[in-house]
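Asker: Below, each chain spelled out in residue letters.
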Amino acid sequence: MKVIEIIDLHKSFDDNYVLRGVNLEVKKGESLVIIGGSGSGKSVLLKHIIGLMRPDRGKVIIDSVDLASLDEDGLNEIRKKFGMLFQSAALFDSMTVWENVGFGLRRHTNLSDEEIKEIAIQKLNMVGLVGVEDLMPSELSGGMRKRVGLARAIAMEPEILLYDEPTTGLDPIMADAINDLIIKMRETLSVTSVTITHDMRSAYKIADTIAMLYNGVIIEKGTPDEIRNSDNPVVRQFIEGRAEGPISLEGIER
Amino acid sequence: MIVKIIEFIGSIAERPALGLGRIILLLFSILRWMVRPPFDFRNILTQMATIGVNSLPVVLITAVFTGMVLALQSYTGFKRFGAEGFVGSVVALSMTRELGPVLSAIIVTGRAGAAMAAEIGTMRVTEQIDALETMATNPIQYLIVPRFISGLIMLPALTVITDVVGIMGGYFVTVILLGTSSSGYMRATWDYLQLGDIYSGLIKACFFGAAFTLICCYKGFYAQGGAEGVGKATTGAVVYSSMTILISDYFLSAWLFR
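Going down the list, the protein sequences come from chains A and B.
Counting with the numbering used here, you get residues 1 to 254 for the letters of the first sequence.
Counting with the numbering used here, you get residues 1 to 258 for the letters of the second sequence.
No wet-lab data here; the hints were simulated from the structure.
The model shown is predicted, which means the values in this text are computed figures rather than measured ones.
Heads up, some of the hints might be wrong.
Not the full set, but computed from the structure, chain A residues with beta-carbon under 10 Å of chain B [as the list claims (entries may be wrong)]:
| # | residue |
| --- | --- |
| 1 | Arg-20 |
| 2 | Glu-72 |
| 3 | Asn-76 |
| 4 | Gly-149 |
Taking beta-carbon pairs under 8 Å as the criterion, some of the chain B residues facing chain A (in silico) [stated by the list, open to error]:
| # | residue |
| --- | --- |
| 5 | Ile-140 |
| 6 | Thr-189 |
| 7 | Gln-224 |
| 8 | Gly-225 |
| 9 | Glu-228 |
Beta carbons: idealized from backbone N, C-alpha and C, even for Gly.
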């Protein structure tokens with residue numbers, strides 16, 4: 001069953017034509033990883049999936065509902081199916097850790113503060129954090145912030161998790177711990193997930209399917225093994241991390 | 001040639017027109033979300049404390065010294081033609097009609113408005129506003145509506161305090177320092193002060209409260225480009241709010257005191 005379906009998605013900002021006809025689908029329970037260079041439009045694509053941006057042309061369909069057909073309330077109903085982990089974690093810095101994690105519960109349920117705090121602590125334990133609930137986000141390290149962000153993303157028990165560069169800016173050990181958490185979330189919560197990253201180690205580890213975004217379109221899609229053995233020169237250059245090749249680097253003369 | 005001139009005018013007018021359009025749309029959004037549940041009373045109270053209660057010390061000091069200097073200047077001036085008896089009236093009318101609302105609005109803009117623009121701007125550039133939306137929370141309803149309501153309520157409240165404290169400052173200088181009669185000052189205050197003076201000042205205060213929260217939230221909400229963008233948004237918020245307050249003050253006065 002298709003949970004997410006993207007059909008011929010186009011988006012441009014002024015003169016910058018970012019997405020030029022993206023087609024993509026994600027099945028229930030699948031872990032899709034979208035790879036691509038900086039500025040390739042990965043984040044823009046992710047923001048379309050959760051309706052933070054509206055397409056210029058094309059469709060985004062979530063659980064058979066076209067997002068373009070929804071008003072603000074309808075969109076908010078759909079968004080309750082999602083949890084999103086932002087690249088910078090995007091924790092609310094005026095609130096404590098548990099208030100961050102319990103934000104959605106406070107807004108959308110009638111639970112008391114005590115009950116919300118209890119759930120928040122339980123979600124924090126799930127991501128391996130103990131005793132941090134009363135701290136402020138500014139008191140946490142980068143890796144801890146990401147984990148609080150993850151706890152917040154899963155607090156409302158979403159069906160779909162979106163990860164925006166989950167391992168960027170972390171040391172290799174913490175990055176791998178986050179990868180393990182992403183796998184654990186999928187196994188224990190049986191969620192569908194979409195991750196965007198340029199970290200190939202992470203992509204191979206967490207993906208069922210990897211899709212590469214280049215020049216505004218998906219140029220290759222397959223299992224991690226298929227991507228590893230791809231003969232597309234663009235894909236090869238990217239996964240091997242070489243500066244020489246068909247991918248042009250903006251502002252660098254060769 | 002003519003095309004060039006039109007293009008030139010267009011290029012100058014484009015950005016202000018875009019800004020004005022957006023701010024009007026934002027105002028309509030705020031009004032629409034104000035009347036829709038859930039009503040976040042906790043958030044509104046927090047903002048009322050930030051805008052109102054926390055601004056109180058600086059507003060009090062400004063008000064008392066403004067009342068004092070007003071009394072001092074009018075006393076020395078009026079003495080030249082023997083009209084010292086009217087100092088109380090001048091202080092009372094100036095404070096209630098003009099200085100109470102304008103001074104408190106300018107001070108609250110510098111204090112709370114700047115903080116508002118900086119906070120919302122930072123939330124924008126660090127994706128916290130996106131995070132709100134992903135959690136099915138409208139950022140206008142969650143962030144801007146409580147601030148707007150608080151501005152609308154707290155600025156008139158501060159204005160009442162400013163009026164009273166300013167008149168007390170005038171009393172202190174005229175009666176205690178300059179030694180004129182207490183009953184004379186009070187009579188001068190009450191004889192010429194009408195309820196309409198106080199009302200009109202409060203109407204102004206409501207308008208200023210709405211205007212500065214709208215402008216400061218707008219600037220923060222559309223901030224972009226990291227720390228520099230937040231800085232620019234904050235500066236712009238204070239400059240445009242202050243200008244709007246001072247310019248609209250003239251037109252509101254012209255309308256209210258026809």
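Asker: Now tell me, hint by hint, if it's right for this structure.
Answerer: Checked hints:
A cut of 10 Å between beta carbons decides the hint on Arg-20(A): the least distance to chain B is about 24 Å, and the hint is violated. Using the Cβ-Cβ criterion of 10 Å, the hint placing Glu-72(A) at the interface with chain B is satisfied: the shortest such distance is roughly 7 Å. Look at Asn-76(A): its Cβ gets to within about 4 Å of chain B, closer than 10 Å, so that hint holds up. Checking Gly-149(A) against chain B: minimum C-beta separation of about 8 Å stays under 10 Å; hint holds.
Violation of the interface hint for Ile-140(B) is found here, the shortest Cβ-Cβ separation to chain A being roughly 10 Å, above the 8 Å cut-off. Residue-level restraint check for Thr-189(B) is violated (minimum Cβ-Cβ distance to chain A is 44 Å; threshold 8 Å). Checking Gln-224(B) against chain A: minimum C-beta separation of about 12 Å lies over 8 Å; hint violated. The closest approach between the C-beta of Gly-225(B) and any C-beta of chain A is roughly 14 Å, which is over the 8 Å cut-off, so the hint fails.
Residue-level restraint check for Glu-228(B) is violated (minimum Cβ-Cβ distance to chain A is 17 Å; threshold 8 Å).
In this structure, the hints that do not hold are numbers 1, 5, 6, 7, 8, 9, in rising order.
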